[in-house]
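There are 2 protein chains.
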Amino acid sequence: MKIIREIPAMKDWVRAVKKKGETICLVPTMGYLHKGHLDLMRMGKPMADHLVISIFVNPTQFGPSEDLDKYPRDLPRDTELAASVGVECIFHPSAEAMYPKGYCTYVEVENISEGLCGASRPGHFRGVATVVTKLFNIIEPDIAIFGEKDYQQLAVLRKMAEDLNMNVQVLAHPTVREDDGLAMSSRNKYLSTEQRQYALVLSQALLKARRLVEQGERSAEAIKAEAVRMIEQTPESTVDYVEIVDPALLKPVERIEGRAVMALAVRVGATRLIDNITLEAS
Amino acid sequence: MKIIREIPAMKDWVRAVKKKGETICLVPTMGYLHKGHLDLMRMGKPMADHLVISIFVNPTQFGPSEDLDKYPRDLPRDTELAASVGVECIFHPSAEAMYPKGYCTYVEVENISEGLCGASRPGHFRGVATVVTKLFNIIEPDIAIFGEKDYQQLAVLRKMAEDLNMNVQVLAHPTVREDDGLAMSSRNKYLSTEQRQYALVLSQALLKARRLVEQGERSAEAIKAEAVRMIEQTPESTVDYVEIVDPALLKPVERIEGRAVMALAVRVGATRLIDNITLEAS
Numbered sequence: 102m103k104i105i106r107e108i109p110a111m112k113d114w115v116r117a118v119k120k121k122g123e124t125i126c127l128v129p130t131m132g133y134l135h136k137g138h139l140d141l142m143r144m145g146k147p148m149a150d151h152l153v154i155s156i157f158v159n160p161t162q163f164g165p166s167e168d169l170d171k172y173p174r175d176l177p178r179d180t181e182l183a184a185s186v187g188v189e190c191i192f193h194p195s196a197e198a199m200y201p202k203g204y205c206t207y208v209e210v211e212n213i214s215e216g217l218c219g220a221s222r223p224g225h226f227r228g229v230a231t232v233v234t235k236l237f238n239i240i241e242p243d244i245a246i247f248g249e250k251d252y253q254q255l256a257v258l259r260k261m262a263e264d265l266n267m268n269v270q271v272l273a274h275p276t277v278r279e280d281d282g283l284a285m286s287s288r289n290k291y292l293s294t295e296q297r298q299y300a301l302v303l304s305q306a307l308l309k310a311r312r313l314v315e316q317g318e319r320s321a322e323a324i325k326a327e328a329v330r331m332i333e334q335t336p337e338s339t340v341d342y343v344e345i346v347d348p349a350l351l352k353p354v355e356r357i358e359g360r361a362v363m364a365l366a367v368r369v370g371a372t373r374l375i376d377n378i379t380l381e382a383s
Numbered sequence: 102m103k104i105i106r107e108i109p110a111m112k113d114w115v116r117a118v119k120k121k122g123e124t125i126c127l128v129p130t131m132g133y134l135h136k137g138h139l140d141l142m143r144m145g146k147p148m149a150d151h152l153v154i155s156i157f158v159n160p161t162q163f164g165p166s167e168d169l170d171k172y173p174r175d176l177p178r179d180t181e182l183a184a185s186v187g188v189e190c191i192f193h194p195s196a197e198a199m200y201p202k203g204y205c206t207y208v209e210v211e212n213i214s215e216g217l218c219g220a221s222r223p224g225h226f227r228g229v230a231t232v233v234t235k236l237f238n239i240i241e242p243d244i245a246i247f248g249e250k251d252y253q254q255l256a257v258l259r260k261m262a263e264d265l266n267m268n269v270q271v272l273a274h275p276t277v278r279e280d281d282g283l284a285m286s287s288r289n290k291y292l293s294t295e296q297r298q299y300a301l302v303l304s305q306a307l308l309k310a311r312r313l314v315e316q317g318e319r320s321a322e323a324i325k326a327e328a329v330r331m332i333e334q335t336p337e338s339t340v341d342y343v344e345i346v347d348p349a350l351l352k353p354v355e356r357i358e359g360r361a362v363m364a365l366a367v368r369v370g371a372t373r374l375i376d377n378i379t380l381e382a383s
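In the order they appear, the protein sequences are chains Z and P.
In terms of the numbering used here, the first sequence opens at residue 102 and continues consecutively.
In terms of the numbering used here, the second sequence opens at residue 102 and continues consecutively.
Possibly wrong hints are sitting among the right ones.
Treat identical chains as interchangeable: a pair holds within one or across any two.
Straight-line distance between alpha carbons at most 35 angstroms, and here's what the computed DSBU-like set of lysine-lysine pairs gives [as the list claims (entries may be wrong)]:
| id | residue 1 | residue 2 |
| --- | --- | --- |
| 1 | 146 | 119 |
| 2 | 352 | 112 |
| 3 | 119 | 171 |
| 4 | 352 | 146 |
| 5 | 309 | 112 |
| 6 | 325 | 202 |
| 7 | 309 | 120 |
| 8 | 103 | 119 |
| 9 | 121 | 146 |
| 10 | 171 | 250 |
| 11 | 112 | 146 |
| 12 | 119 | 309 |
| 13 | 103 | 121 |
| 14 | 120 | 352 |
It should be emphasised that the hints constitute simulated quantities derived from the structure, not laboratory data.
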């Protein structure tokens, strides 16, 4: 297992691979790996000659009052876990190497970035699109895999790759969940034992929405109201947003017709958690 | 000479070249080629295995009241001229292929884009940075050459390539001038015979500035004032801006110390012309 910290060294490694005509699959992460990340890596392993992951807690996607400094980090454990699923190389740059003094270039995906998490985290997706563009230029992956748990991120990055004619296939992996339904997230670590229980309301509200649609409910308003009600009844839990949108451009829909995505963000104590589910009117 | 209009066909051409381990030099243009463009191509010809130019009048870099529709176009003539300097392939996409319905991703280079032309043409450099990112992703050049006449564009693109870790070397070619000093530009075509004479004030004001510095003048204010005076004395000519800035970040300087760039934009009749010169205090 190779850990590369410098951008020029990473580019050298990539150049040697490309010279042989071989392919690269990249799984970008912020580290503190969990089973969700590992499933993305397992998915990527057979898809290319080389499986690379990046571990970088990207400062430009955190707001000034967010958890950049306390975001959990554990490189030794991450290295072991990545090795266990066949990762060949970890790119782990410093913030100073990625954003040197005077850095001033940003990639913006308009519209899709603005609602949902974009509304409560201004600049977040600009930071995501920018760092992923940089990672794509440094690692030149043929395939990059992102988790569906961060649905808006996935939609933003797909649109970015398409709009900017990037030479990479952006693939999604379904949200990986704990046995009781909680979507895996490095931020789950912040939860107390009680909060860990309260946090089940996210997946339960989404499953309830799916059942409502299966029972014939088509009004987005009614489905969202039920989710809000469930969240508000849960201790320590407050709604950041509950929204039902079209799957590609993430525009709110009024009625469920064909496929839609229900996405929500909930604060449980001080921890902001997100989750989403596909709703399908048959 | 190959003219490729479709993005997938261009990517196929590039893939075949890269598979052989060969290199590409790109000269991006908006067409209506003049000797300035051809000199850039001559410079690029020996630098890579393949010389590609793009001809694309990029709508996203024109403001709503600017000359997008009347910008001069002449593909048959451009093709002949490009062939005469050894261009192997012209990429000539449609605006619809480059910016399909729903397009929403933009690259912004902050700070450097804001003064000079950026102040009178809001959004211009965002359009430039975006289209050049797209061209770089489609054509994957090892080297790209831009003219120094568009000095701010060059500085923006250099910073963009560096910040986003792009795998391309951005090179500059000195401004190519008519015998009487007028910087070559496709927009010179808009000038009447009289205006063509008045337009000499741009290069003359810059040369006067250089002489002032050689004579010991160090005050940017004094040097700029002389240029403004010369322009205001010229019929049909109005100052858009006259500025002296540092060469990399384009921040205005108060005194000439070491190298600086004096840049100006002048409206001659309805035509906006730009030019610049390096000033050096010895």
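Each hint tested on the structure:
{"no.": "1", "hint": "146 to 119", "in the structure": "both (17 angstroms within a copy, 25 angstroms between copies)"}
{"no.": "2", "hint": "352 to 112", "in the structure": "between (38 angstroms within a copy, 32 angstroms between copies)"}
{"no.": "3", "hint": "119 to 171", "in the structure": "neither (37 angstroms within a copy, 44 angstroms between copies)"}
{"no.": "4", "hint": "352 to 146", "in the structure": "within (34 angstroms within a copy, 48 angstroms between copies)"}
{"no.": "5", "hint": "309 to 112", "in the structure": "neither (47 angstroms within a copy, 46 angstroms between copies)"}
{"no.": "6", "hint": "325 to 202", "in the structure": "between (45 angstroms within a copy, 30 angstroms between copies)"}
{"no.": "7", "hint": "309 to 120", "in the structure": "neither (52 angstroms within a copy, 52 angstroms between copies)"}
{"no.": "8", "hint": "103 to 119", "in the structure": "both (17 angstroms within a copy, 26 angstroms between copies)"}
{"no.": "9", "hint": "121 to 146", "in the structure": "both (18 angstroms within a copy, 27 angstroms between copies)"}
{"no.": "10", "hint": "171 to 250", "in the structure": "within (21 angstroms within a copy, 48 angstroms between copies)"}
{"no.": "11", "hint": "112 to 146", "in the structure": "both (21 angstroms within a copy, 26 angstroms between copies)"}
{"no.": "12", "hint": "119 to 309", "in the structure": "neither (48 angstroms within a copy, 52 angstroms between copies)"}
{"no.": "13", "hint": "103 to 121", "in the structure": "both (19 angstroms within a copy, 28 angstroms between copies)"}
{"no.": "14", "hint": "120 to 352", "in the structure": "neither (43 angstroms within a copy, 41 angstroms between copies)"}
This entry does not satisfy hints 3, 5, 7, 12 and 14, going by the numbered hints stated previously.
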